[in-house]
Every structure is written in C-alpha cells, then in structure tokens.
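**Student:** Chains W and F supply the protein sequences, listed in that same order.
Going by this note's numbering, the first sequence opens with residue 216, and the numbers climb by one from there.
Going by this note's numbering, the second sequence opens with residue 216, and the numbers climb by one from there.
Don't read these hints as lab results, they were simulated from the structure.
Any given hint might turn out to be false.
[Unchecked claim] The calculated lysine-lysine pairs, modelled on DSSO-like cross-linking and capped at a C-alpha distance of 27 Å, are:
1. W:Lys315 with F:Lys315
2. F:Lys358 with W:Lys315
3. W:Lys369 with W:Lys479
4. W:Lys358 with F:Lys315
5. W:Lys394 with W:Lys377
6. F:Lys369 with F:Lys346
Protein chains: 2
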Amino acid sequence: MDFKLTVAGTASAMPVPERSQSAQVLSVHGRLFLLDCGEGVQKQLQRYRIPLMRIDSLFISHIHGDHVFGLLPLLSTMGMLRRGQPLNIYAPANFGPILKFFLSYYGEGVDFEIRHIPLKMKEPEVVYETKSVQVSAFPLNHKIETFGFLFREKEPQLNVRKDVLERYTFTLTEIGSLKRGEDVVREDGTVIPCSAATYRPYEPRSFAYCSDTAPFPELAQWVKGVDLLYHEATYLDALADQAAQRHHSTTLQAARCALEAGAKKLVVGHYSSRCTDRQAYEQECRTLFPNSFAADDGDVFDIPLVRGE
Amino acid sequence: MDFKLTVAGTASAMPVPERSQSAQVLSVHGRLFLLDCGEGVQKQLQRYRIPLMRIDSLFISHIHGDHVFGLLPLLSTMGMLRRGQPLNIYAPANFGPILKFFLSYYGEGVDFEIRHIPLKMKEPEVVYETKSVQVSAFPLNHKIETFGFLFREKEPQLNVRKDVLERYTFTLTEIGSLKRGEDVVREDGTVIPCSAATYRPYEPRSFAYCSDTAPFPELAQWVKGVDLLYHEATYLDALADQAAQRHHSTTLQAARCALEAGAKKLVVGHYSSRCTDRQAYEQECRTLFPNSFAADDGDVFDIPLVRGE
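Construct the entire structure; sequences and hints are all you get.
**Tutor:** Printed below as a string of structure tokens:
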C-alpha cells in the first residue's frame, strides 16, 4: 500500500555533470508511474533499483528535450526486454510525431502496443483510473503546451468498527451496505447508521506534478489540499525576471502555490545549471512554506498511510 | 601534437548501470572527433573533462539506438551553448531523417549549420582532410549499413639534419626543396640528396574505429599497420554462434583482425550486457594478440609521438 515518489532527475535544460534531467517515479500500491523522461532515465532507474518492467504508464508534461530525450531509448529497452503489456503514454498532442518517428525508425523488435493518449484539456480532467488511483491532467503555463498531473488514491471502502460487529449479527449484504456507506435498515425498524458503525481505514493520499510552469492563478485551486506537491523552481528569487521571461518559476513562486493550495509538503527541482547550492533553494522556499524540500537526484518522498480508528 | 583516444562508453545495446553506450573521442593535435553518440554521451564527456565545444566533427558508424540516442540531446546542448562553427556529421544515408526530425522538432535555437555527409562507399574513401589528419571511411559488416573510420596523421614535412645545415649554407628555396623531399642540385653541379640531408620529424600515427561488425576478409587490409585498432568484441569466444547471428564479433575475431592487420595495439569494447568480467575479454584477446586491452569507460589510449633522428 505504498505511495512513494522517487525523484530521478533534478536538472533543467542545460546538462550538468552532477544531476540528471527531469524524471520522477510515483509508486502507488506497487504500480509504477513514470513522469517525464530526461536523457539517461534508464540509468537513473537502475541506480535507484526501480524495475523498468514494472512501469505501468508514462506521463509526459511537454516535449522539450530535457523531458523526453530519454524516452526513445527507454522504449527500445522495453522492446528488448520483451514487454508484452501495452504502454499508455499520456502526453500533449505534439508528442504524436515523436512516437511515430520512434516506431518508424526504432520500432523493429518493439512488440508491445504503445498508445499515445493526447492531452488537450483546459482544466483538470481524469485521464487514468484504476480501483485504487485516479489521475487527472491539467494545463500548465509554459512556452509550449505543457500539462501537470494529479494522482489521488481513491476513497477506500469503509471498515465496520469492531465493537459494532460484536454488538450486532450482520448478514453479508448488510456488511456490504455499510462498506459502501449506506445505513442498514432492518425489517423490525432497527436502523444502524453507517456514520456510527464504520470508519475510513485510511486517508487517501495525493501527489501533484507541476513541471515546467510560470505561476498562474488557477493552479493552487487545481492541486488544493494535495499531500505532496512537486513544483518546479528553476530559479532563486533573485532571478525572477529570467523566470518570467522563460515561463518558469522561482522558489518563492513555488512556495506560494504550495501555501495557497494548502499542500502538506512541497518538493522543488528543475534547477538552473547555475544552481550550485541546493540548500539556498530550500531556504528560500521555507521562508514562505516551511515544509519545503529542494530535492536531490535519488531522493524518495514516502507518504505513509494514516490509518483510521 | 597529441593523438589520444578516450573511450567514453563500452556497453552494447542493452543498458547496464556500470557502463555507458558507444562513444569515443579522438583528439588529434587538440582537434576533437566524436565517434558515435550513445545515450548520455554529454555526461560522459563532462566526466572525462572533454569540452563539448571543441568537438570538430562527428562520425556515426550506424543508426542503431545505442550509437545515436545521445546525439539529439548533444546537438540541443551545442545550440544552447551557442556554437557558431558548422558541424559536419559523417554518417550513413539513413541518418538523414533522424537529423531532419531533430531539426524540425528541436531545431529552434540551434543556430549553427549541421551538415550531414552521407556515407555510401564500398571500400575505403577519404571523407575528411586537414593539414594534419586524414580520415577514411569504409563499410563494415553489420545488420544494417555500418561504417568504420581510419584516422591517419599526415606525413609531416621533412626536417633538415643539423650537421647538414652546418656543412652547407642553404638558401630558403633550397631548404624548402629538401623539406618537400626533393634533392638540391646547385649550378656548380653539387648534389645534396634529400635522403641523406633530412629526417622525418616523427612517425605519423593512426587509429581505426570498427564498430559494430562481423568479421570479413577485407577489414584487416583496410586497417593495415594501424597503431591503435578499436574493434568491437561483443561476446566472448564461447558465444561465437550468437555473435554470428547478430552480426557481431567475439574477442578472438577482433584479435585475429588485429593480428592480420599488423596493428600495434588492440582495444575492444561494446560488451554484451552479460559481461561481468572485462578481464576475461582481455585474456581471450591476448591468447592471439598479446597487446590487447579490454577498455573500461573513461580509459585513455595515448599514442605518443615517436620522434625521428
């Protein structure tokens, strides 16, 4: 029942020796989601012991090179490893020709189906759903079409309280009703209200990925109350002009978004190649939003399960 | 006056954590030539302190992913670094659409000219020439169109021996003649033969790059007498069947080529992902060709200048 983010790369467009470019892996109940694919992502996954073959699907924010140059090699390797399961890639529409180029040039031996789900929403929209997780995509504000993603664990079925189970003898149908959130009404008129008889076994967890973007008013609303917010912070506050010019964010802008969203924790990355002091990013964020972390390659942010009752 | 090979990647198609994929840099008198561009080549160059902006031209053996996936990111970075000098890429004809794709998708901000020189020769042909070096390309024997490259320092101008300079008083014209290899014939009938009056200041050096290839009879002749021969050895001898099936070579096949060519030194690489013991490759090569080395990422093979006189 994990809900765990591994930050596989924290560099921005200009390559630096000590960091890799954007790539993150979210593991939800053991199912792996890869967000962006900077060059060398496979090596990073190997380094952090994340099995390539357990990747369920890919979420690509935009097609700038530092977010996709690792994708073609990754798909090639999945082919060599004989992946059978189809791979869904949620990416902007202009990702289509990149995939087409890949398949026409490097598609030999790639025997699994690759499905590109083009993103074009103007506000949050659910794009992926399983029994345990729901993913929405929403537009960001960058130079080219760019999307963020919000992963939410689904509301779990309710548990019936032990003392209630001891007090009443339930039929399976009655238990089912309670778990679904319905009151039990018996033929003799007894009412066992769901609210008193059950509890949420755990709090559903959430993670939002916002890379790359200039600040814009709707964003905080769209990621309202998220447990873990990843928001790019390419620049320190002193370079706010440069951030604006390049449709990026500063530390303080990322922290302000976390604050307005009422996020529980903020993680920043996508540092400019001039960044030689990650701690300075962290400190600046913390002046506005204390629970901020400037991620390093390989950092893991685990959101533990908070159990009810 | 260096002539130095840096092996930046020794892995083959399947990525492994401890090696990078094919890329080598030959430095000739400070001019850098990049041979193949596996994923992550920029990071490797940074690691080995090879300045990206000093790369003169690129030589691509073939378009398999493990030899070119690092190229698009590299060109992007050169654009960001504002390279002005045109870049020649010597590569098979089927590299054309890859470059076209790059320029149409990632060409914005790439302000330098990229010239693709398509290779299609059936036997060695000079493709590049400066005052100090000449490069020939020749076909290899792989699954798809693949080329090898031979770098030869040019024959230097002759030096006039000190004792001869002391014995005669030469005019500048006479010195020029001797340096070009001509005898001096004076009006009084004196003949100063070039062969006795001069010496070669140094032995021209050479390097051949042969990746990926199954053995074939002409190869040893084409790289005859080379100082440093890089020849792929994807497999140990025990996997000769697999090598044949995949149009690759074994240790012993690489060593046999070096032996038949009369090469001075053999370097092998492009190890199968099953290779956990590089020393085993080296030992097998040495049973046939003692001066063999199984390269590791980052190994440097420096061919020192052998001065005449």
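**Student:** Sort out whether W:Lys315 lies within 27 Å of F:Lys358, counting only the CA atoms.
**Tutor:** holds, 23 Å
**Student:** For W:Lys358 and F:Lys315, compute the direct alpha-carbon distance and say whether it is at most 27 Å.
**Tutor:** Holds, at about 23 Å.
**Student:** Mind checking the alpha carbons of F:Lys369 and F:Lys346 for me, to see if they're no more than 27 Å apart?
**Tutor:** Roughly 7 Å between the alpha carbons, so the hint for F:Lys369 and F:Lys346 holds.
**Student:** Can the restraint linking W:Lys315 and F:Lys315 be considered satisfied, given a maximum Cα separation of 27 Å?
**Tutor:** holds, 14 Å
**Student:** If you draw a straight line from the CA of W:Lys369 to the CA of W:Lys479, is it 27 Å or shorter?
**Tutor:** At roughly 18 Å apart (the allowed maximum being 27 Å), W:Lys479 and W:Lys369 satisfy the hint.
**Student:** Please verify whether W:Lys394 and W:Lys377 have alpha carbons no more than 27 Å apart.
**Tutor:** holds, 13 Å
Hint violations for this structure: none, all hints satisfied.
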